[in-house]
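**Student:** Grab the two chains, each in its own frame, and use the hints to assemble them into the complex.
Just so you know, the protein sequences line up as chains A and B, in that order. With our numbering, the residue at position 94 of the first sequence is 104, and numbering never jumps. With our numbering, the residue at position 25 of the second sequence is 27, and numbering never jumps.
It is worth saying that the hints were derived from the structure and are not from the lab. Keep in mind that this is a model prediction, so the values were computed, not measured. Don't take each hint at face value.
Here are the simulated lysine-lysine pairs, DSS-like style, with alpha carbons at most 27 Å apart [as the list claims (entries may be wrong)]:
(1) K119/A to K62/A
(2) K59/B to K13/A
(3) K13/A to K119/A
(4) K73/B to K111/A
(5) K119/A to K16/B
(6) K13/A to K79/A
(7) K11/B to K116/A
(8) K116/A to K59/B
(9) K13/A to K116/A
(10) K62/A to K79/A
(11) K59/B to K73/B
(12) K79/A to K111/A
(13) K62/A to K111/A
(14) K116/A to K62/A
(15) K79/A to K116/A
(16) K111/A to K59/B
(17) K119/A to K79/A
(18) K59/B to K11/B
(19) K111/A to K11/B
Below are the chains, spelled out letter by letter.
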Amino acid sequence: DAKTTQPTSMDCAEGRAANLPCNHSTISGNEYVYWYRQIHSQGPQYIIHGLKNNETNEMASLIITEDRKSSTLILPHATLRDTAVYYCIVRVAPTQGGSEKLVFGKGTKLTVNP
Amino acid sequence: NAGVTQTPKFQVLKTGQSMTLQCAQDMNHNSMYWYRQDPGMGLRLIYYSASEGTTDKGEVPNGYNVSRLNKREFSLRLESAAPSQTSVYFCASKTDEKVASYNEQFFGPGTRLTVL
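Isolated chain B (complex conformation) (with noise of 0.2 Å):
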């Protein structure tokens, strides 16, 4: 299993500029989440997906727009970028099997934006 992945792996953008962020996990999670993280600081919820068709708003999703595309995939876009965008995003998945223990989130090794 590749687990989370993520592309791309690093991304230089002009404010104004579009871009979209894809996640992908081949665990067969139904939870999915994007998260930022700030230099030196914590990771911030942006939005998550309980299940394929379903998107909620996490802390921070001024900005953004998710797409649950299907159980694999969910991906965030950017649609006019601005420099407070600069940051690092995780992506993450999780299961609801386990009923009586805790299904831990398992995290992409990032994307790593610039916007100037």
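Only chain A is shown next, with the shape it has when bound in the complex (with noise of 0.2 Å):
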């Protein structure tokens, strides 16, 4: 699995968007960009996954590069329950029936401030 790099804090104003960044230089063609989160205390909770084109679901966006070495988490309007850790995972897709191994980092500490 090809290593990511995210910075390890970031603050965001309540209301504004956050934008997460998370750099994946070796990243292979057939490896997926995931992000989880992890709100304090709790279980992580899956966000939002990607190959190369740009995702968007009702939690957040994913803008992937062209090149695909690099990827940011953008959460468009943040709030106070939005303060987590965000874990950017790169690896292949889950074979149909296999088990996944996610591979944690220690992420980026988002601390949304009112």
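**Tutor:** In structure tokens form, the structure reads like this:
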């Protein structure tokens, strides 16, 4: 699995967009970018994933650069409840019926300030 | 649905004691996982089970055993607890139903274990 690099911490004002970068310069062609987050004292929660196209769901948007060496998770209107550690994970998609061994780094601690 | 449940929520053990952490899911998921998270660190995979009756080692299996009792339940046992096993333990589960889409892992609330 490709190695990822994320800033240790970031701050964002409530109501503003939070842009969380992730560097994955050694990503392979068949590896996806996954984002999970972990709110304090809770288990991680899946946010979004993508291969090469930009993706959007009800929680966030994922922008992947054309060379796929980096990506940005965007929370369009951050709230206090978005304060959490955000993990960027790069790996091949699990095979149908197969298990998935996620590798969590230290992630980015996002603090949303009032 | 309760999702993924874990018991107990907190536990304090003395070195050498044994205990079993329980995990259950009511989502009919095939795969189940046990992770540990040390302070300031990401999660590390201990063991996983792709289906009922199968288990495999993850990144840090030493000192642990697991049992996939049935499709719902996946337990983690510490036979002789050590201070190095002080951690927060998370259980997760995942379906394999969605063929052309990502089946995300769903995590439980965690068990906070202290070994003195």
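**Student:** List, from low to high, the hint numbers that the structure doesn't satisfy.
**Tutor:** 5
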